[in-house]
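> Whole structure, please, built from the sequences with the hints as guidance.
Read off the chains here:
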Amino acid sequence: GAVVSQHPSWVICKSGTSVKIECRSLDFQATTMFWYRQFPKQSLMLMATSNEGSKATYEQGVEKDKFLINHASLTLSTLTVTSAHPEDSSFYICSAPLRGLDTGELFFGEGSRLTVL
Amino acid sequence: KQEVTQIPAALSVPEGENLVLNCSFTDSAIYNLQWFRQDPGKGLTSLLLIQSSQREQTSGRLNASLDKSSGRSTLYIAASQPGDSATYLCAVHTGKLIFGQGTTLQVKP
Chain E
1 GAVVSQHPSW
11 VICKSGTSVK
21 IECRSLDFQA
31 TTMFWYRQFP
41 KQSLMLMATS
51 NEGSKATYEQ
61 GVEKDKFLIN
71 HASLTLSTLT
81 VTSAHPEDSS
91 FYICSAPLRG
101 LDTGELFFGE
111 GSRLTVL
Chain H
1001 KQEVTQIPAA
1011 LSVPEGENLV
1021 LNCSFTDSAI
1031 YNLQWFRQDP
1041 GKGLTSLLLI
1051 QSSQREQTSG
1061 RLNASLDKSS
1071 GRSTLYIAAS
1081 QPGDSATYLC
1091 AVHTGKLIFG
1101 QGTTLQVKP
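Just so you know, the protein sequences line up as chains E and H, in that order. According to the numbering used here, numbering within the first sequence proceeds without interruption in unit steps and concludes at 117. According to the numbering used here, numbering within the second sequence proceeds without interruption in unit steps and concludes at 1109.
Just so you know, the hints here were simulated from the structure itself, not pulled from any lab data. Just so it is clear, the structure is predicted and the values come from calculations on it, not from any experiment. Accuracy of the hints is not assured; some may be wrong.
Derived pair list, reagent style DSS-like, types lysine-lysine, alpha-carbon separation capped at 25 Å [unchecked claim]:
no., chain 1, residue 1, chain 2, residue 2
1, E, K20, E, K55
2, H, K1096, E, K55
3, H, K1108, E, K66
4, E, K64, E, K20
5, H, K1096, E, K41
6, H, K1096, E, K64
7, H, K1001, H, K1096
8, H, K1108, E, K41
Chain H residues, not near chain E, derived (Cβ > 12 Å throughout) [claimed, not checked]:
no., residue
9, S1012
10, L1019
11, G1041
12, N1063
13, S1070
14, P1109
Each residue gets a CB set at the ideal place from its N, CA and C atoms; glycine is no exception.
Have a look at this one:
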């Protein structure tokens, strides 16, 4: 199947610093990518939709200035958590649809676990 | 607003049993429904994708059905094995993926 890669898989940072997470589609192009976060023992919550060459679309309640998304190429989207705080500690997962957005199967990265001290 | 519910939240069965996981959704206007597996601390692995025009999909010991009119999907796992222990998530695609809370399955040897 299609492969989506995330990096780093885990990161620990101090409060107030910024952290960048990369999401790459390794063997297909993705004009759209999705970013999710998952708290322990909870399901995935969509944060934003990343669109290649244009601004990301954020879900209600997600601060766009805090969670900066850049989708500069057809295979790479980045999520930057700015001025991270302990409450931002979470599991962040990206996904990309193979083929069409409406019918395509979504493939997920392995996730990035962020711990903010 | 689309809501996805999975029942049960947790399930423990002895090895070899056949089992059914349930997923319901409130709005039938979906593109497709996807079942995923998630191991602790890991990302999601896609198991089965059912397009809105389809009724079921099969892969090995897994069979997923979709009844769009009633807003239900089931994931049937035959002859369960300890390696099937994981959290199973269903998600409906409405232009974005809306996830259920998941069913955590434990298969005991």
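> For every hint, state whether the structure bears it out.
The hints, checked one at a time:
Restraint check: the Cα-Cα separation between E:K20 and E:K55 comes to about 17 Å, which is no more than 25 Å; the hinted pair holds. Only pairs whose Cα atoms come within 25 Å are accepted, and H:K1096 paired with E:K55 is accepted, the gap being roughly 16 Å. For the proposed pair H:K1108 and E:K66, the alpha carbon gap of about 43 Å is over 25 Å, so the pair is violated. Taking the CA atoms of E:K64 and E:K20, the gap is near 14 Å; set against the 25 Å cutoff, the hint holds.
Between the alpha carbons of H:K1096 and E:K41 the distance comes to roughly 22 Å, so the proposed pair stays at or under 25 Å and holds. The hinted pair formed by H:K1096 and E:K64 meets the criterion: a straight-line CA distance of about 18 Å does not exceed 25 Å. The straight-line distance between the Cα atoms of H:K1001 and H:K1096 is roughly 12 Å, inside the 25 Å bound, and the hint therefore holds. Proximity of H:K1108 to E:K41 is assessed by CA-CA distance (about 21 Å); at most 25 Å being required, the pair is judged to hold.
At roughly 16 Å from the closest C-beta of chain E, the C-beta of H:S1012 stays outside 12 Å, upholding its exclusion from the interface. Distance check for H:L1019 against chain E: the nearest CB is about 20 Å away, which clears 12 Å, and the non-interface claim stands. For H:G1041, the non-interface assignment is contradicted: its Cβ lies about 7 Å from the closest Cβ of chain E, within the 12 Å cut-off. The beta carbon of H:N1063 is kept farther than 12 Å from every beta carbon of chain E, the shortest such distance being approximately 17 Å.
The Cβ of H:S1070 sits about 22 Å from the closest Cβ of chain E, beyond the 12 Å cut-off, so the non-interface label holds. In this structure H:P1109 is separated from chain E by more than 12 Å, as the shortest Cβ-Cβ distance comes to about 24 Å.
Checked against the numbered hints above, the structure violates hints 3 and 11; every other hint is satisfied.
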